[in-house]
Amino acid sequence: MADRSRDPEPVVASAGSFDLNGAIGRWRAHLAEQPALAAGTVDELEAHLRDSLDRLEASGLSAEEAFLVAVRRVGTPQALGQEFAKVSPQSVWLDRALWMLIGVQVWGALSGLLLSLAVAAVVRGYAGRAFSESDQLIGPVAALALGQLLALALSLAVCAWLIVGKGPRMVRWLGPRLRNRWTFVAAGAGLGVATLMVMAASNVARVWMGWPGSTTAAFGITLNLVRIVQVLTFVVLTLVLIRRRYGQSSRAIAHRHGYETG
Amino acid sequence: MLSKELTAASTVPLVLSVLTEGEAYGYALIQRVRELSGGRIAWTEGMLYPVLHWMEHERLIESEWRQGETGRRRRYYRLRREGRAALREEKRQWQIVHETLNQLWRQPARST
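Protein sequence lines, in the order shown, are assigned to chains A and B. Heads up: the first sequence begins at 1 in the numbering used here, then just goes up one per residue. Heads up: the second sequence begins at 1 in the numbering used here, then just goes up one per residue.
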């Protein structure tokens, strides 16, 4: 008893509690950080790892030891990422395209809405006042500029928070779920409707501030139809890219094929 | 152990040759090469996959996800006709190197 308490690392005690599927899941997440490693490639490497684990465990290693050896034999995520980037540069490009698409949409919706709101607020605030002399316009113009700057700063901050802070985790969560056709359609419809509502809101803000615009109704309708098609195309493209890049989770495979180690 | 350069140069002919025995997934390919070479050709295992994907892109081989006997899903690779042609060419070239070196090494040392 006294001897055991002096052990610096209770290796044997922890061996029983080693969570293999959890460890594989974290390993997969490391691999997925490499832009050149698409979901299908990570699946293939996982199948390899599990074959390797079987053989190592059969030769007498514990699950944890086998995992460490097998992971080492496969190679580091960085080295693998570099090799895959050499043979399939398009996958790296795909990853960039995905984040550019997400960025363009979030930025477009957000900055559009906030800018319209800022302009509307300033214009409404000064509505009804008479401006006889031109230097009286300095106030409204300065307020307008300030409002727009604030709106831009706010869009930038929210964009950064959403995409850099929350984005990777959100797409990793969404990716495997998009394999289901109905989830895909629902996500597309949801995102599309959300974007259209943001567009509508900025239109309402524009009308509310009393800026009907010089366009005819037919022109406006055509313009809006084009934008709706554009929004839906972007949304579907983004979802397809997310599914391709983050399509399958380790846990989904483990459950489907009963790889539980128990 | 093979040098890094020779390992890299021999990967494609090795993969093509193993696949003439029938379709195989990555792990089985590695095991087969290790077994035949007596453990002297040891790839960093993950590094085989970029090569396989490149070979598939070049249409030398083709792949298919399938469930194996154990129930595990694996990606199986098999030769395409272009791959067989590429292997014939590889064979010809490696035999040139092999025969030339063999002749040189078989000759009794003239000087020294």
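Calculated directly from the structure, the hints in this document are not laboratory data. Bear in mind the structure is a predicted one, so any value in this text is a computation, not a measurement. Check each hint, because a few of them may be wrong.
[What the hints assert, rightly or not] Calculated pairs, BS3-like style, for lysine-lysine (alpha carbon to alpha carbon, straight line, at most 27 Å):
| hint | chain 1 | residue 1 | chain 2 | residue 2 |
| --- | --- | --- | --- | --- |
| 1 | B | Lys-91 | B | Lys-4 |
| 2 | B | Lys-4 | A | Lys-166 |
| 3 | B | Lys-91 | A | Lys-86 |
Hints, verified against the model:
no. : hint                : in the structure
1   : B:Lys-91 - B:Lys-4  : holds (20 Å)
2   : B:Lys-4 - A:Lys-166 : violated (42 Å)
3   : B:Lys-91 - A:Lys-86 : holds (26 Å)
When the structure is compared with the earlier hints, a violation turns up for hint 2 alone.
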